[in-house]
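> Below, each chain spelled out in residue letters.
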Amino acid sequence: MAESGNPLPQAASEAYYLRFRDDVPADEPAVSLDSFFEQPNAVSVRIEAGDDPERLIPHLSRVTLVEVDFPKFRDGRGFSTARILREAGYTGEIKATGDVLVDLVYFMRRCGFDSFAPDVAIDPAVLEDALSRYPYVYQHAADDAVPIWQLRHPELANG
Amino acid sequence: MKVITGNDLKTGAVIWWDGRGWSIHVEDAADAGDGGEQILAVEDAACRVNGGYVIEAERGLDGKVRPAHIKDRIRALGPTVRPDLTLKPADPDAGSWVI
Amino acid sequence: MYKYDHYDQAMVDARVADFRDQTRRRIAGQMTDDQFKPLRLKNGLYLQLHAYMLRIAIPYGTLDSRQLRKLAHIARTYDRGYGHFTTRQNLQFHWIKLEQAPDILAELAEVEMHCIQTSGESIRNISADHYAGAAADEIMDPRPWAEMLRQMTSFHPEFSYLPRKFKICVIAAEEDRAAMRWHDFGLRIVKNEAGEVGFEVYPGGGMGRTPFIAYKSADFVPQHQIFSYLQAVLRVWNRHARRDNIHKQRMKILVHELGEEEFTRQVEEAFEHILRLGTDFPQAEYDRIAAYFEPPAFETGLRDEIDRSDPDFAVWLDQNVAAHKAPGYAIANISLKPIRGIGGDITAEQMEVVADLAERYSFDELRVAHTQNLVLPHVRKQDLYAVWQALRGAGLADANLDLVTDIIACPGLDYCSLANARSIPVAQKIAERFADPARQHDLGELKIKISGCINACGHHHAGHIGILGVDRKGTENYQLLLGGSGDEHTTQAKITGPGFDEDGIVDAVERAVEHYRTIRESGERFIDTYRRVGMDGFKEAIYG
Chain F
62 MAESGNPLPQ AASEAYYLRF RDDVPADEPA VSLDSFFEQP NAVSVRIEAG DDPERLIPHL
122 SRVTLVEVDF PKFRDGRGFS TARILREAGY TGEIKATGDV LVDLVYFMRR CGFDSFAPDV
182 AIDPAVLEDA LSRYPYVYQH AADDAVPIWQ LRHPELANG
Chain W
89 MKVITGNDLK TGAVIWWDGR GWSIHVEDAA DAGDGGEQIL AVEDAACRVN GGYVIEAERG
149 LDGKVRPAHI KDRIRALGPT VRPDLTLKPA DPDAGSWVI
Chain E
4 MYKYDHYDQA MVDARVADFR DQTRRRIAGQ MTDDQFKPLR LKNGLYLQLH AYMLRIAIPY
64 GTLDSRQLRK LAHIARTYDR GYGHFTTRQN LQFHWIKLEQ APDILAELAE VEMHCIQTSG
124 ESIRNISADH YAGAAADEIM DPRPWAEMLR QMTSFHPEFS YLPRKFKICV IAAEEDRAAM
184 RWHDFGLRIV KNEAGEVGFE VYPGGGMGRT PFIAYKSADF VPQHQIFSYL QAVLRVWNRH
244 ARRDNIHKQR MKILVHELGE EEFTRQVEEA FEHILRLGTD FPQAEYDRIA AYFEPPAFET
304 GLRDEIDRSD PDFAVWLDQN VAAHKAPGYA IANISLKPIR GIGGDITAEQ MEVVADLAER
364 YSFDELRVAH TQNLVLPHVR KQDLYAVWQA LRGAGLADAN LDLVTDIIAC PGLDYCSLAN
424 ARSIPVAQKI AERFADPARQ HDLGELKIKI SGCINACGHH HAGHIGILGV DRKGTENYQL
484 LLGGSGDEHT TQAKITGPGF DEDGIVDAVE RAVEHYRTIR ESGERFIDTY RRVGMDGFKE
544 AIYG
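Chains as they are written, first to last, in the working numbering: chain F, 62 to 220; chain W, 89 to 187; chain E, 4 to 547.
Calculated from the structure, these hints are not laboratory results. Just to be clear, a hint being listed does not mean it is correct.
[What the hints assert, rightly or not] Mimicking DSS-like on lysine-lysine, the simulated pairs with C-alpha atoms at most 27 angstroms apart in a straight line are:
| # | chain 1 | residue 1 | chain 2 | residue 2 |
| --- | --- | --- | --- | --- |
| 1 | W | LYS159 | E | LYS219 |
| 2 | F | LYS133 | E | LYS251 |
| 3 | F | LYS133 | E | LYS476 |
| 4 | W | LYS176 | E | LYS432 |
| 5 | W | LYS159 | E | LYS100 |
| 6 | E | LYS219 | E | LYS168 |
| 7 | W | LYS159 | E | LYS328 |
| 8 | W | LYS159 | E | LYS40 |
| 9 | E | LYS100 | W | LYS176 |
| 10 | W | LYS98 | E | LYS40 |
| 11 | W | LYS98 | E | LYS100 |
| 12 | E | LYS251 | W | LYS152 |
| 13 | E | LYS251 | W | LYS90 |
[To be verified] Facing chain E, a subset of chain F residues (Cβ under 10 angstroms, in silico):
| # | residue |
| --- | --- |
| 14 | PHE134 |
| 15 | GLY137 |
| 16 | GLY139 |
| 17 | ALA143 |
| 18 | LEU162 |
| 19 | ASP164 |
| 20 | CYS172 |
| 21 | GLN200 |
| 22 | ASP205 |
Heads up, the beta-carbon is just placed ideally off N, CA and C, and yes, glycines get one too.
Bound conformation, chain F alone (with noise of 0.2 angstroms):
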């Protein structure tokens, strides 16, 4: 997956948009899951809430950007989402959107989120002290950060 230590703030369609890629964007309109089946060259997909991320699967290798819609912040499927989308191999890019709070943006990272693009902007000073607080992690997600058992057992790490 293409990753870059700082988000770079893009000029796109939305009015924030916050990345953590270095690629080029897609520069289509992400279309419902339905639509995505019904549109073989479609590349940009949207995921609602209770859509089943498990039927893009098949298809993941030519989607480059999936968006996960979060109705609202308490409505947390879209990190299970991320996740099995990220445990299938995909490495295209997942965008959140909807109801995102700066302090979910930390749990998304980890879980294969990406880019993020909110219906509220969120301020970078708060973004930056959310996403530098923790200095390690407990276990394994869909980042490549090791989990402190890890940590503390360097001699398995050849094992």
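Once you've looked at the hints, dock chains W and E against the given chain F.
Same frame as chain F, but now just chains W and E:
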């Protein structure tokens, strides 16, 4: 009468709208008429109240405000099982006002 | 017991900074309460009736003296000199100021404590058998697994915004002292025929307004696959739970709607997938954690005889002391249910007495039981008299463990913003009615559990006698239930009939208890008699 109540944002203390500001004593509560929600919107935005709401209350023969629901009467006084922690620790009969 | 290393400490310290920042933003008006609420709830901070309430995690109910002294200090400095032990083995303070909450978290972090995930829609503090490590009947100490799961479920990114709360319980004995099957995810450690350790898994339990008892989804998940299995369960639920009605989002509802068979099938499918990702922890990490739970250095050659010449002590001994796995040792239960007191409440001074006793007589360890009592797990039998005398001096020597006055009650409408009726006064009136020690002992084991609303924090569904407080047109009303249990024969209590007012419910309980006394057969506990004869006779006795 309609009375506005909530909790102080910073301390969590139960507070009552007295017409100009907030008091911890239900006796000070003012009749907000139909203006409750409007006052709450301003006070909430100013971070002076948390979880504010408008309740029904009546003014008793003694002139004191008595919330219609037991929950708000317990909020006004304090826990009935710990009279020492209520706003009226010296009044052994304070709990009967709640029930 | 477990000790933090610099990684654990760094995570807890980071959480303090995180919450300090979130609190600052809220007080400065940069966040609405709607936005702040889920964040403060993930840190155990509620807004209750009279103030904020802070719930402190006591993982698997294990504490040391340094931690309890810190809680006493917090009670004095930031609260009103006392705390309240909960039915999830946690402690909560009821008079907290938002602006001081970050300082309290910093104080807790000094003694390896925190409030992480003690409320909100998160994976909650993991509970365990409060006799773990001391019970004669356990296969092994379940706490290393509870600690392992505590770490793996802390700040889990995929499960940060679950549909609802999620409660895990781990036990390792045939007897269930922790109400395991009333949890969203119950685990019983077992050994297979080859002697390998694994887990029986019981998902889908929970109390609340729609109670369900967990069913068994797996007979044997190998020990080092349990985190994968847990993640599979969480993923199925996180993806498929309803999100449109907060009262129908607990996992038990999904299990019920899909059916046990289909839920199990989906979990197994996800389990197979997640297992391949290699997210489970290795044996070396289990060994590192388990080393902290090695049994203390029990002395050998101790006498088992106890001097029973003080009759008051003998009563306490018979009621509150349980068998220990090491010869010469005993498990001493500290009742927090004095007759005119408030169940689960403990003053700062009492905390310090208990901390001293744990340090001096119990290898510096104590436990919190889900019954809102405390446990000194490893006391030499020859020290029991001294322990009892010290407890008596602090008003902590009530000899009523598991008896009719050892009542579980939620804080109810005296403190809780969700409650519909008060619980504590009802518990107090029942306890006073049955205060006579001879009467209590004659009645034997009888578990009364009282909730002040349908959220069931007082476990009324699991009470031999359960009481549920409701709001009936603005006045408090109490429903009576019979036949519940949180033991290894878990059952759900049933409502007897129309409700009662506060005095009426006390009379109704007494009529039910007297009916039992009249019809019991030799050796039968209340619950045994109820199970033998059923509801009808009791109903008649209660309603006439």
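> Against the structure, test the hints numbered earlier, and report the numbers of the ones violated in rising order.
1, 3, 7, 12, 13 and 22
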